[in-house]
Structure formats: C-alpha cells, structure tokens
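Visitor: Based on the hints, put chain B in the right spot on chain A.
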Amino acid sequence: MLEIAVARRIGRIDLRIELSLDREAVLVAGPNGAGKSTLLRLLLGVLSPDSGRIALDGTVLFDAAAGIDLAAEDRELGYLPQDYALFPHLDVIGNAVFGLARMRRADRLRHASGWLERLGVGHLSQRSPAALSGGERQRVALARALARNPRALLLDEPFASLDPVARRELRISMRGWLREWRLPALIVSHDPADAVLADRIAVVEHGRVVQQGTLDELRQAAASGFVSAFAAGPAGDPDPVILR
Amino acid sequence: MKPPRIDAWGSAQLLASALLGAFLLLPVVGLFATLSWNDFLGGLRDPLLLPALRLSLVTTSSSLALVVVLGSLFAWRVARNPGRVSRWLEAIAQLPAVIPPAVAGVGLLLAFGRRGLLGAWLDRHGLALAFTTPAVVLAEAFVSAPFFVQAAIAAFRRVDENLLVVARTLGASRFRTFLRVGLPLAAPGLVAGAAMSWARAVGEFGATLLFAGNLTGRTQTLPLAVYTAMESDLRAAQALSLILVAIAFAFLFVLRRMAAGAALPGTEPRGA
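Just so you know, the sequences run in chain order A and B. Counting along the first sequence from 1, when you hit position 106 you're at 106 in this note's numbering, and nothing is skipped either side. Counting along the second sequence from 1, when you hit position 105 you're at 1105 in this note's numbering, and nothing is skipped either side.
The shape of chain B in the complex, shown without the other chains:
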C-alpha cells in the first residue's frame, strides 16, 4: 500500500485544523481540568448561585416564549409574502445580531429607560422597566430574536406552497393551514432555531448589565454572577461557569433529540 501523499496544501489544512481545534477546545478543558471536586462543591455553595440560576431559568424561558410566539408569526409573514415589506422586516430582524451587546444595552436604555423614547411614557403610567427583572427578559429577547427568526424564515420557506393551497381547498382557514401544515413541516427548523436563540439568551451579558444592572435576585443572571464572583473568588466563578456550561449542553442535547424526532423524510435534509 502506498503511503498517503503529503503535500503542502494538505499539511496546511491539517495544521490549521489542529491549531484552531486546540484553541477552541482548550478554554473548555481548562474549565473542567483545573477545578478539584472540593472546590466545585464549595463553588456550588456560593450564595450567588441559586438566585442567579433561578433568575436565568425564569428570564430565558420568558424571553424564549416571547421570541418563539412573536417570531413564528413574523417569520411566517415574511416567508409567505415575498416583497419589499418582507425584505425590510427580515433586515430589521437581523439587526440585533450585528449590534454589539453593550451597544444594544445603551439602545435599550434609550428606548425603554426612564427618559427613553417609550420609557418616559411608560414611566408616567407607573411602568419603570430599566433595572428590573422584565428588563433582563427584554435584553435577552433583543439579542436572541435574530437566531430564531432567521431559522424560522428559512424553515417556513421550505414548506411547499402547493401543500398550503391544497389545505385551503380542503376547507382549512389560513390560520388552520399554518397550524396543521406549516408548523409541523417546519418543526425541525423551528426547534433548532429555538435552541440557538435560547443558547444566546442564556449567555447574554453586555446588554443585560447596561440595561438591567447586576442586582442579586432581581437582574443578576448566571453570566453576571460569574462576573461578580470573579472579583472575589476565581473558584466560585469557575464552579458557576461549569454549571452554566452543563445546563446549556443538557438543554441543547434535549432539543437536538426533539429535532431529530420531529424530522420527517423529505422535509429537511439531515445535518443541514
């Protein structure tokens, strides 16, 4: 058997893959490898942990619900009504993905803060948003919406128009057609989008810090708790980080299983 030929191009690919792979993996390994079991258990007892964990779960499930419900209708409209308005809507939905999170925080403050565009009016009606738990939800929804909306638009576009027309001729209203045909056929793409969007929301830091602050039990989510713990105790920060990583992995695993279960032959190529 001939040994595989080694040329410059092949070696370059190999080297680049090894370098980038190691670079991406090393910090994750560092999180796990440098912490003793006792340090981890000590970190778990950190008083910051439980309130932050609870707050992260509550706020990210709220922002996910908000993004999925509004985003699904938004994406359906954009996908099924191609035209100028839809192109604008699609561009608007992409906007938060390219705005740096800290800038998003400033923007949210200027929009919903006490003196903000809408915030001043809300404030006069006794609704102060900034530096409250709902502000955390808004910040998370803002930064995570593009991930779901993009995936949902792509998934809805793949639904065969003919199926929708047939559903209408079979007596289904436009809403029932969406519910009985559009949603189930787009489900794998929607679940994948929801997973990406949720992962982004859980990690949200910059916009939350600026718009909602860092108040234990009210606006201090897990990433902010990690930041706070870093100032006093690296071990505690590391334990909190590990929990964050574990939750994210578990959730993504469950979602991927759900997506695989919902996938149908002929509706979406596997691994797309």
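Chain A extracted, bound-state conformation:
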C-alpha cells in the first residue's frame, strides 16, 4: 500500500496530491506541466515536499510533521525513467548488478542474470547499452530495478521513447508482468493507450487530482476537457498523437 498526501510549490506548479495505491497499477495522466514529474521526484526522494506524508506498507518515507525524510537510496522503490537511463559506461550485466551492492558478491551475478533471463534479455549480458534497441533497453532497466526487490514501482512514460511496434509489444508484456508481480505501480503517462496497464486512472491537472476511476468511468462523467479528450482517446491502439 502506497499512501501519498503531499504539497509542494515549485516554479509555476502548486502541487497538492492525495492518492493511495493498493497492490494495483494506477495510471497518472495529465497535460504537460500538470506536476506529474514533480510528483515522481517527491516520491523518489530527490525533491522534498513542503508538507505532507508518504508511506509505503507501513514504512514512513516522508512525514513533514514528524521530520522524517528517508534518503532516496533507502526508499526501496523501483524506478523506470522515460529514457530508461542505463549507465552508458557499464555493460548490461554491470547495469543489472549495480543495485545489488549489499548482496554477497557470489550471489550478485546469479541473481541479476536471473532477472535478465526472466525479462528475455539474458543473452545480451555483455552488450553495451548503446548497442540495444529501445525495447531491450526497457527490459534491462526493468530487470535492474526489479533485481532489488522493490516494494513499489514508478514508471515514467514507459513507452514514449519506443517505436510503435515495440510499444504495442511491450505494453502487452508489461501488462502481464504487472499482473504477475502485484506491486503498487504508479505509471505516469499522457498516452490513453497505456490505460490498458492500469486498474485505475488518476487525472492530474494544475497540481491536483481532478478525477479518478476506470477509463469507462472517466468517459461517462468527464470532469474536464482534458479528461474527456483522454478518455475518448483510442481504446488500445493505434497510438494517439492528438494529446502530444
């Protein structure tokens, strides 16, 4: 269970978000500048909220009143950034073991290779990230995050940097994985097609959650122009360009 209630003013964004995720996938949608990336940075611990509280399965990650602000490295969150951010100076296996510093040396390689295998990129261990396709990069980045056994997943525009074919393919795989892992997963996206990944959609506009529900629920009672445009977006595929 990931419970979020945070406020932060930064630049033109005045963010006040309350959101809680059980073992489910929630799609956070919203126009550019709505505060989606800021929300991710607050959760990750690289930006501090002005006030509020973040808790994950009973562990307090942040609590302004109690003066708790857990360091980013201690939050046990799996993060998949938009461009996947593979370390360019390390090969695939070097990336996959990066987060396993606390594990016994002998176990690291075996454990990391296991995750690469599960995501279908085990054969690429010795490759440099520069030599991988977009889809392969995403799989490696996911394996790297999951090898640490995170307690929640944060995905930032997971398919935005893929070509349409890879996007369709990986979206289907990702749906399967999310169902399998049953972790609280927060997916930031402005692509309605990504709704198939999520149990629920939370629409953020001007720093607030303006509406939550399934795609059908949003479609039936859209609270704003963005929501109705988003919900009307192509159910499934092909890739919508209208909202870019």
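By construction, these hints were calculated from the structure, which means they are not laboratory data. Even for Gly, the Cβ is constructed at its ideal location relative to N, Cα and C. Misleading hints may appear alongside valid ones.
Chain B is nowhere near these chain A residues, computed Cβ spacing over 10 Å in every case [said to hold, decoys possible]: (1) Ala65; (2) Leu132; (3) His206; (4) Val210; (5) Gln220.
Looking from chain B toward chain A, a few residues come up when the C-beta cut is under 10 Å (computed) [unchecked claim]: (6) Asn1162; (7) Leu1164; (8) Val1165; (9) Val1166; (10) Thr1169; (11) Ser1173; (12) Arg1176; (13) Val1181; (14) Pro1184; (15) Ala1187.
Guide: Just chain B, lined up with the frame of chain A:
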C-alpha cells in the same frame, strides 16, 4: 576542371592563417633549430637542471593533486546545485585566470606572507610559507585551478540527471553515485582539464618568483632556472627550455591518449 576561385575574402583568410601560423610556430622552431647537439648536451650538464627538474615535478604533481581533489568536489557541487551560491563559486574559481601572475604573486604574499592576512597567524604557529617549497605549490595551484575547475564543471553538467536519480533508487548513496556514475562519465573532461591545468602549473613563473623566490633546490622550478640561466648562458637556457617543452609534450600526449581511452560513445563528442 575549373580552377578554385580566388576572391578577396578567401585570400584574406589564407594570408591571416599563414601569418599567425608562422608567428606561433617560429619561436618553437627557433628553440630546436638553433641549438647544436653538443650545445644541448652541454646544457644538460648545467648544475641548475637537475634540482629544478626535480622540484618542478614534485611541486606540479602536488599542486595537481590538490587542484584535482578539491576541484572535483567543488565542481560537482557547482554543477549539481545551480543557484546563486554556485554562480558566485564559479566566478571565484575563474578569478585567478584573469589576474596577471605577478599580481597573483603579490596577492599570495599579502595573504600567506609573514605579515599577510593568514600568514601572520600561521607565522605565530611556526608555519612560515613564503619563500619555501610549499609556497611554490600554492602559487602553482592558484594559477592552474581555474583550468581544471572550469573543465570539471562543464563535464559534470553533461552528466544526465536521470542517471544520478536512478543510481540513488538503486541504493547508491550520494557519495557512491558521484564515485560510480558521476566520475566515470565525466572522466574524459576531467582528464582534459587536468592536462590543461598541469600545463599551466609547469609554466608558472611570475607568481612563483614573487611569492616563493628563486632559490636553487627549494623554489627554483624549471621556468625560473631558464630565467636564471639566461643571465649567464643562453645555450643552457635553451637546453633547459627544450627539456621543459619535451616534458610538456610527452605529458600532454599521454593524457590525451588516456582521455581518448576513457571517452565513451554518447558521453562526449569527440574533439569537443
């Protein structure tokens, strides 16, 4: 085939390039071309050479270590925390590059000399700096720091923020993120900056002369030895100069090779 068109603008560029190129090259050619082999060997036996060579190597490696260690942390802070404080720090780090070396020498004396701002206090605690070997190191560090710090700030700024955030989420502390991600990705820029900085330190003359003096074996580095030799024997000065040039070329060559080896696809455009 048509002959290339010759116009005034093209000719002007050609002429300017030829003039400036010849002007820059001629003194270097002069150093090599006007010295006979015997004169060179004679110059090598000059009693000034060995102490000055040893002192130059010891002091410049010390000042380089000082500049690289402090400068890396300084540059990381400036690059990763944009804001007013960082802008001030960056300006301060550029200061020595625009101060004439002789003025830097006077300044160092007024700061660290026996009656200087900090020097008076140091002196009371039995630490006299001026006209000692450590003074040479300080003078070299002062004039060479901007070259490394500037390059390091630029190199660290090019490191993708996302990589650092991901490293943190993968359990790396801020220090480990710096060590395992920031440093390796900035390495080519850091090595290039270190090379420029070292080259400046080896050639340091004015600030050293004023703040550290010209004492054989203690503060007389190679450039000061060249100056001293000039007063008695031009041949010896020329031989010393050639050695200085040879060391600098060799060191720069090695550093450039290291930088090329450390360069990664996608981290820094070649030849930038």
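Visitor: Would you check whether the claim that Leu132 of chain A is not at the interface survives, using Cβ distances to chain B and the 10 Å cut-off?
Guide: Fine: 12 Å to the nearest Cβ keeps Leu132 of chain A off the interface.
Visitor: Tell me if Val1181 of chain B is really an interface residue toward chain A, meaning its C-beta lies closer than 10 Å to one of theirs.
Guide: holds, 6 Å
Visitor: Does Ala1187 of chain B meet its interface restraint, that is, does its C-beta lie within less than 10 Å of any C-beta in chain A?
Guide: Status holds, d = 8 Å.
Visitor: May I ask you to check that His206 of chain A keeps its beta-carbon over 10 Å from the closest beta-carbon of chain B?
Guide: holds, 25 Å
Visitor: Please verify that hint: Val1165 of chain B, Cβ, nearest Cβ of chain A, below 10 Å or not.
Guide: holds, 5 Å
Visitor: Determine whether the non-interface label on Ala65 of chain A survives the test: each CB of chain B must be over 10 Å from its CB.
Guide: Correct as stated: the minimum Cβ-Cβ distance to chain B is 25 Å, above 10 Å.
Visitor: Quick check on the hint: Arg1176 of chain B CB to chain A CB, less than 10 Å?
Guide: Holds. Min distance 8 Å.
Visitor: The output says Gln220 of chain A does not contact chain B. Does that hold with a beta carbon cutoff of 10 Å?
Guide: At about 37 Å from chain B, Gln220 of chain A clears the 10 Å cut-off, so the statement holds.
Visitor: Next item in the hint list is Leu1164 of chain B. Is there a CB on chain A closer than 10 Å to its CB?
Guide: holds, 8 Å
Visitor: Measuring from the C-beta of Thr1169 of chain B to each C-beta in chain A, is the shortest one below 10 Å?
Guide: holds, 4 Å
Visitor: Would you check whether the claim that Val210 of chain A is not at the interface survives, using Cβ distances to chain B and the 10 Å cut-off?
Guide: Correct as stated: the minimum Cβ-Cβ distance to chain B is 27 Å, above 10 Å.
Visitor: Interface hint check: Pro1184 of chain B, Cβ to nearest Cβ on chain A, cutoff 10 Å. Holds or violated?
Guide: Check passed: Cβ of Pro1184 of chain B comes within 5 Å of chain A, closer than 10 Å.
Taken one by one, the earlier hints all hold for this structure without exception.
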